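Peer 1: Sequence:
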Amino acid sequence: MSKALVENELFNLLRKKDLLLQTPGCQEQITKLDILIGHLQATHGPVQPKHHEGITSMNSELLENLTVEDREIPGQAISDTAAKAFSALQQKRERDYAAACADFDKELTALAGESADLEAESKRTPERLASVERVLRFRADELIAQGEPEQARAKLAELEESKGELAKIEQRRAEIAERCRQVEAEKKEALRRTAEDFREASVLLIRATEGALASILDGTRDTLNSLEAQIGASVYQPGDLTADEKSPTWVTLNRLYAGRTR
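Numbering (my numbering), first residue to last: 6 to 267.
Everything labelled a hint here was simulated from the structure, so no lab data went into it. In this text the structure is predicted, and so the values were computed from the model without any measurement. Where is the CB? At the ideal position from N, CA and C, for every residue including glycine. The reader is advised that the hints may include incorrect statements.
[As the list claims (entries may be wrong)] The list that follows gives simulated cross-link-like pairs (lysine-lysine, DSS-like), each with its CA atoms no further than 25 Å apart:
1) Lys-97 / Lys-192
2) Lys-111 / Lys-97
3) Lys-192 / Lys-111
4) Lys-37 / Lys-22
5) Lys-37 / Lys-111
6) Lys-193 / Lys-97
[Unchecked claim] Okay, the calculated beta carbon distance ranges per label pair:
7) Lys-192 / Asp-122: 37 to 47 Å
8) Ala-93 / Glu-194: 21 to 31 Å
9) Val-240 / Thr-214: 21 to 31 Å
10) Phe-91 / Glu-124: 37 to 47 Å
11) Ala-82 / Arg-212: 15 to 25 Å
12) Gly-244 / Gly-43: 39 to 49 Å
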C-alpha cells in the first residue's frame, strides 16, 4: 500500500473515531478503531494523516448544521465538495495531457504541411522533368554535333540526376508518414500515463469519500441503535439510510461493489 493510501486510510479511521467520540455508548467500537490505527502505524511506520487537523471541529459544525430547519444543506455541501474535487481531477488530467502533447501536435502540424507541399510538388514534377529531359537531350545533341563529347556526357549525367528527384520526394513522404505514426504512438503513451495518474488520484478521492460515507453510516446506525434501546421502540430500518434500490446511485454502487464490473 502506498504512503498516500496509508495516510488516506488513517484519515478515515480517525474521522470515524471522532464521530464515535460524540456518540454515547460507542466505547467498544472506539477501542476496536484504536487497535486498527495502532496496527496501521506499526505495519507502515509513523504515518500522519495529511488532513486530520480540525476534523473534530468540522464534525461538530456538521452536527450543528443537522439541527437547522433545512436538513439538505449539509448533504448538498458534501455532494458539491465531491463534485468540485472530481472536476478538478478531470481538469488536471486534461491539462497534463495537453501539456504532454503540445510539442507532438506542433510537429504533426509541421509534418502535415511539408507532406502537403511534397504531394503538390510530386504532381508537378513529372511534367517538369519531361520538359527538362527534352531540353537536356537537345543540348547534349548540340554539344556532340559541336565536337564537345565531354560536355555532352555532363548534360546526360545531369539528366539522370534529375530523374531521381521524384524518387527523393516519395522517399521523404514515406519518412514523414513513418514519423507521424511514431508521434501518434508517443501521444497514446502520454494518454496512458495521464490515465494512470488520473486513476491513482481518483482512487484517493473515491476511498476518502467511501470512508466518509462509512463513518456517517456507522455513526448514524450506532446512534439510532442506542436511541432505540433508550426508547424501547424501532425508529428506523437499515435500508432507509441509503439510496433507493431503483435509484441511479444504488445501481452504480451495486454494480461496482457486487460484481466489480465496469
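Peer 1: State for each hint whether it applies.
Peer 2: Now the hints, each set against the structure:
With a CA separation close to 17 Å, the supplied pair Lys-97 and Lys-192 stays within the 25 Å bound. Distance hint between Lys-111 and Lys-97 is fulfilled; the C-alpha atoms sit about 21 Å from each other, no more than 25 Å. As the CA atoms of Lys-192 and Lys-111 are separated by approximately 12 Å, the hinted pair is consistent with the 25 Å bound. Under the criterion of a C-alpha separation no larger than 25 Å, the hint pairing Lys-37 with Lys-22 is consistent with the structure, at around 10 Å.
As the CA atoms of Lys-37 and Lys-111 are separated by approximately 58 Å, the hinted pair breaks the 25 Å bound. Using a Cα cut-off of 25 Å, the hinted pair Lys-193 and Lys-97 holds, with the two alpha carbons roughly 18 Å apart. In this structure the hint that Lys-192 and Asp-122 lie 37 to 47 Å apart at CB is violated, the actual value being about 23 Å. At roughly 25 Å, the beta carbons of Ala-93 and Glu-194 sit within the given window of 21 to 31 Å.
For Val-240 and Thr-214, the Cβ-Cβ distance of about 27 Å falls inside the hinted range of 21 to 31 Å, so the restraint holds. For the hinted restraint 37 to 47 Å between Phe-91 and Glu-124, the CB-CB distance of approximately 45 Å keeps it satisfied. Take Ala-82 and Arg-212: their Cβ atoms lie about 20 Å apart, and the range 15 to 25 Å holds. Our hint of 39 to 49 Å for Gly-244 and Gly-43 is violated, since their Cβ atoms are close to 34 Å apart.
Hint compliance for this structure: hints 5, 7, 12 are not met, and every other hint is.
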